[in-house]
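**Student:** Sequence:
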Amino acid sequence: MNTLLACIKEIIFEGNLALVVLDSPIGELSALIIYTQERWKKGQKVKVLFKQTELLVFAPFEFGDCESGDFKSKDSRFLSEDKNPKTLESTTLARVCSTQNCFLQKIESIQKDSILSLVRFASQDSSASLDSSANSHISALIATKDLERLESLGLKEGEKCVWCVNPTHILLERL
Numbered sequence: 030m031n032t033l034l035a036c037i038k039e040i041i042f043e044g045n046l047a048l049v050v051l052d053s054p055i056g057e058l059s060a061l062i063i064y065t066q067e068r069w070k071k072g073q074k075v076k077v078l079f080k081q082t083e084l085l086v087f088a089p090f091e092f093g094d095c096e097s098g099d100f101k102s103k104d105s106r107f108l109s110e111d112k113n114p115k116t117l118e119s120t121t122l123a124r125v126c127s128t129q130n131c132f133l134q135k136i137e138s139i140q141k142d143s144i145l146s147l148v149r150f151a152s153q154d155s156s157a158s159l160d161s162s163a164n165s166h167i168s169a170l171i172a173t174k175d176l177e178r179l180e181s182l183g184l185k186e187g188e189k190c191v192w193c194v195n196p197t198h199i200l201l202e203r204l
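The sequence shown begins at 30 in this note's numbering and counts up by one.
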């Protein structure tokens, strides 16, 4: 289970749903939760949890001209170092990916097994004033067959790649 400490930045309510925007060590996360008796407040510190199996991992790639469907392997507009690595909203990926929670991180390690493999991402410094014990290591548990396909496309330790988690797969816990 991936666990982070975060601070509630914004809450949008609609009926029995709440979209909770969080400031975390890896950047801004959004969680879509069924509004329960739990009362969430702006500024409240929470624990963010999501399963390792809920992460989507993308092979290192960059986009060409998305308008024409020309997806190329190396275009500096996507992974350029001058962009904030904690948000991908301004990149081309945001135009072709349906989730709000996409992050660009370096792969720290890959542990391959016969059926499942663990991809561990390097931690990032927190830009938020959260508890220093927050663990910003994120890992993904994916099928080894899928990992091998991603490796054939350039996924490897030390390289940056994109991972995403759907807002409906994020759980919040009171501290």
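Worth flagging that the hints you see were computed from the coordinates, not collected in a lab.
A couple of the hints might just be wrong.
Distance windows between CB atoms, simulated [to be verified]:
| hint | residue 1 | residue 2 | range |
| --- | --- | --- | --- |
| 1 | Cys36 | Glu137 | 22 to 28 Å |
| 2 | Ile144 | Met30 | 16 to 22 Å |
| 3 | Lys141 | Ile41 | 39 to 45 Å |
| 4 | Ser138 | Lys80 | 14 to 20 Å |
| 5 | Lys74 | Gln140 | 39 to 45 Å |
| 6 | Ser152 | Glu39 | 40 to 46 Å |
| 7 | Ala88 | Ile41 | 43 to 49 Å |
| 8 | Lys135 | Thr82 | 20 to 26 Å |
| 9 | Lys70 | Lys141 | 39 to 45 Å |
| 10 | His166 | Lys74 | 31 to 37 Å |
| 11 | Ser138 | Ser181 | 39 to 45 Å |
| 12 | Gln140 | Glu83 | 32 to 38 Å |
| 13 | Glu186 | Leu61 | 18 to 24 Å |
C-beta atoms are modelled at their ideal positions from N, C-alpha and C, and glycine is treated no differently.
**Student:** Against each hint, give a clear statement of whether it holds in the structure.
**Tutor:** Here is what the structure says about each hint:
1. Cys36 with Glu137: 22 to 28 Å: 25 Å, holds
2. Ile144 with Met30: 16 to 22 Å: Because 19 Å falls inside the window, the suggested range holds.
3. Lys141 with Ile41: 39 to 45 Å: 41 Å, holds
4. Ser138 with Lys80: 14 to 20 Å: Once the Cβ atoms are compared, 19 Å apart, the range 14 to 20 Å for Lys80 and Ser138 holds.
5. Lys74 with Gln140: 39 to 45 Å: Distance hint for Lys74, Gln140 is violated at roughly 31 Å.
6. Ser152 with Glu39: 40 to 46 Å: 25 Å, violated
7. Ala88 with Ile41: 43 to 49 Å: Violated, at about 33 Å.
8. Lys135 with Thr82: 20 to 26 Å: 21 Å, holds
9. Lys70 with Lys141: 39 to 45 Å: Taking Cβ atoms as reference, Lys70 and Lys141 lie about 43 Å apart, which means the hint holds.
10. His166 with Lys74: 31 to 37 Å: With a Cβ separation near 19 Å, His166 and Lys74 fall outside 31 to 37 Å, so the hint is violated.
11. Ser138 with Ser181: 39 to 45 Å: 19 Å, violated
12. Gln140 with Glu83: 32 to 38 Å: At roughly 18 Å between Cβ atoms, Glu83 and Gln140 fall outside 32 to 38 Å, so the hint is violated.
13. Glu186 with Leu61: 18 to 24 Å: Violated, at about 33 Å.
The earlier numbered hints that this structure contradicts are 5, 6, 7, 10, 11, 12, 13.
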